[in-house]
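Read off the chains here:
2 protein chains.
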Amino acid sequence: MDPANSGKRLVIGQSGGATAVINASLVGAIRAAHDAGAIDGIYGARYGIEGVLGRQVLDLQGIRDDDLDALACTPSAALGSCRYRLRAGDAERAVENLRALGADYFLYIGGNDSADTAHQMALAAQAMNDDLRIICVPKTIDNDLPETDHCPGYGSAARFLALAVQDSALCTLSMPSHYPVKIIEVMGRDAGWLAAAAALGKTREEDPPHLLYLPERPLRREEFLDDVRTVHAALGYAVVVVAETVRDENGRPLGEVGHQGEDAFGHRLLSGAAQYLVSLVREELGLRARYDKPGDLQRMSSACVSTTDRAEAELVGRAAVRAALDGATDKMVTLVRRPGPGYACATGLADLERIANTQRPLPDTFVTANGKAITQAFRDYALPLIGEPLPRYITLDGTPVTW
Amino acid sequence: MDPANSGKRLVIGQSGGATAVINASLVGAIRAAHDAGAIDGIYGARYGIEGVLGRQVLDLQGIRDDDLDALACTPSAALGSCRYRLRAGDAERAVENLRALGADYFLYIGGNDSADTAHQMALAAQAMNDDLRIICVPKTIDNDLPETDHCPGYGSAARFLALAVQDSALCTLSMPSHYPVKIIEVMGRDAGWLAAAAALGKTREEDPPHLLYLPERPLRREEFLDDVRTVHAALGYAVVVVAETVRDENGRPLGEVGHQGEDAFGHRLLSGAAQYLVSLVREELGLRARYDKPGDLQRMSSACVSTTDRAEAELVGRAAVRAALDGATDKMVTLVRRPGPGYACATGLADLERIANTQRPLPDTFVTANGKAITQAFRDYALPLIGEPLPRYITLDGTPVTW
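Line by line, the protein sequences are chains A and X. For what it's worth, the working numbering labels the leading residue of the first sequence as 5, then goes sequentially. For what it's worth, the working numbering labels the leading residue of the second sequence as 5, then goes sequentially.
Hints listed in this document are in silico derivations from the structure and should not be mistaken for laboratory results. Just so you know, these numbers come straight off a predicted model, no measurement behind them. Hints may contain errors.
Identical copies carry no separate label here, and so any pair may be met within one copy or between two of them.
What the hints assert, rightly or not - DMTMM-like, lysine to aspartate or glutamate: derived pairs with alpha carbons at most 25 Å apart:
1) Lys206 with Asp70
2) Lys376 with Asp231
3) Lys206 with Asp71
4) Lys206 with Asp73
Extracted from the complex, chain A is given alone in its bound form (with noise of 0.2 Å):
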């Protein structure tokens, strides 16, 4: 037990998207906690931010410890989340409430949009001459978040996706006299990430997925057609991924038709896409075609989690709180992949504001120069990030027979 430690408190929040291992990243900073000694108060927000500003807070103390590790199993964010851009005065609100609770560290479990919101908290308790130590835990499918190598939350929806397109296509492959294309819809916002992991599993050229339209690039509609029914004449069936953000060479969604408005950033909340692709392969090229939407199973799949992409999430949680006690603030925690053979990644810090509102685009290295296959630099990149190795599946292509 650290005597500097006695009486403090930690409040911890999640926000944005939910992800299958956010929950590890929770454990990781209560276990933390329990380590440090002295800490005699940890407490969850509820619905992040607004459970902060709304003063809806549970204790998180008392948990049991065999909780505490299927918790770390239980998909999505189990302490609630939100979508919710801070307005004038909110900052000083929180950072008020938090005192009033006899709160010394804050941890928010998110992605770009959380950090700004707790830079803006760490800028307003320094304004207060307010101590109250603000440290991010990085979360996102998308890994679109700067300064770290990858983010907690990407490797499990990777692995569900380049496991999806394997399983899928498949079925596909069983029978492409009857639905010889597939579409395979895969979130993402405005970085290919999650489409190019989808081709994770591919070894050969021949092999699915066969075409990527990640939503960087426009997807026009001839080219689209063309590629289809260049795969199709070759090799007898097509298997697609497209992200449901892509959009057309007048910057016009495809899944307009499931267009939903905005949310509270201003991020356009699209679907449709991988249907719209259907009935253009059906109607321009006399195929028929169908698809897979895994929506949020992508990001909540238990059953997909890469054991990595968990222990990870639970170290970021745990170096948050190390980062807090050690008096960091205005920061989030980084993945710094270490140099060498085989993979492994420390944690480090950087600060908010270089993240805040900033996304990582996929680097152009990372596909090909049409953007509709990824690089072995990609592979290198994510394959250790998927976890255990992909299953070995065996084709039956042996010598026919003769008779």
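Knowing the structure of chain A, use the given hints to seat chain X on it.
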């Protein structure tokens, strides 16, 4: 080695929609043929009966044992599958082709339509005074074959959906103010076996899924909207499972937008029910909604395979070989649940005539009177089929702190 089988040849085909465990049945048949001794030819028909008619066959005798292990864990139909309805003369030609290859036994792994194909072939063989033995191996995620307790393939799809609904619902529950309504679209043709399975993770009245819409009953627009409004008012969110084949009170498929005509068996091919309901909820109730359409993932997911289902798929493949060697023909292997505490299944045999083109509906006792929830009787029936218990998830709804 049994001299009675000396020089015998076995041909195996896979037919209809693939499953995550149909290759386990193939592996069971190959291993039983090895075990029988002196079956000196094991062949796999490419694309089911199409490969028999078109003389496209692979030699399966020499597959290595570790490849058989991996094949049993490879989803989809590794030989290729088909949806082919026999035309005049096809049954006779299939028998002749098999005979010309020296085949004594033909195993057909499939569902209702495949049973019809095999039955016609058995009748043709009988008329031709040919003693080719023809045995079907049950396979369908739809679980709608008569005469068998359940169908290999169903348990794994049921496990996928039970998990998917729990996982995806946790995402909705984490941010009900953002997207309070979730629609999950599932397969199942004309029977609600799969939609019902999506509720297997539910233990309390307030747990998701809150509403099931099975294909057996019309989905009435106003009633649906009332249902969702009521659940949302009570719980703050609503998770809905809808069969992709559900129809309105006029018999019109909800997913008419995605209507793609009919397959060779006159089955209507539909998509789009969930997308339609999302629009309805948004426009009529003013609630934001999103949908997951796992599509072929629900039949293919290797990560969600039920260990019970895989073991039984191999069991029925083995039983089919033994039945053929014993001289049976024109039969399908069935699963027979043993009475008593604990779960166990033996295999039996049923006449193909009783199975061909016949569907087994979901019993009325398996759903509540309004058809929107499952009963304990269904839980007792289905839970053993999905293998390992579902993971224990933690919800944090402890004592709120006031300050």
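Verification of the hints:
no.	hint	in the structure
1	Lys206 with Asp70	between (38 Å within a copy, 22 Å between copies)
2	Lys376 with Asp231	within (10 Å within a copy, 44 Å between copies)
3	Lys206 with Asp71	between (38 Å within a copy, 19 Å between copies)
4	Lys206 with Asp73	between (34 Å within a copy, 21 Å between copies)
Checked against the numbered hints given earlier, this structure breaks none of them.
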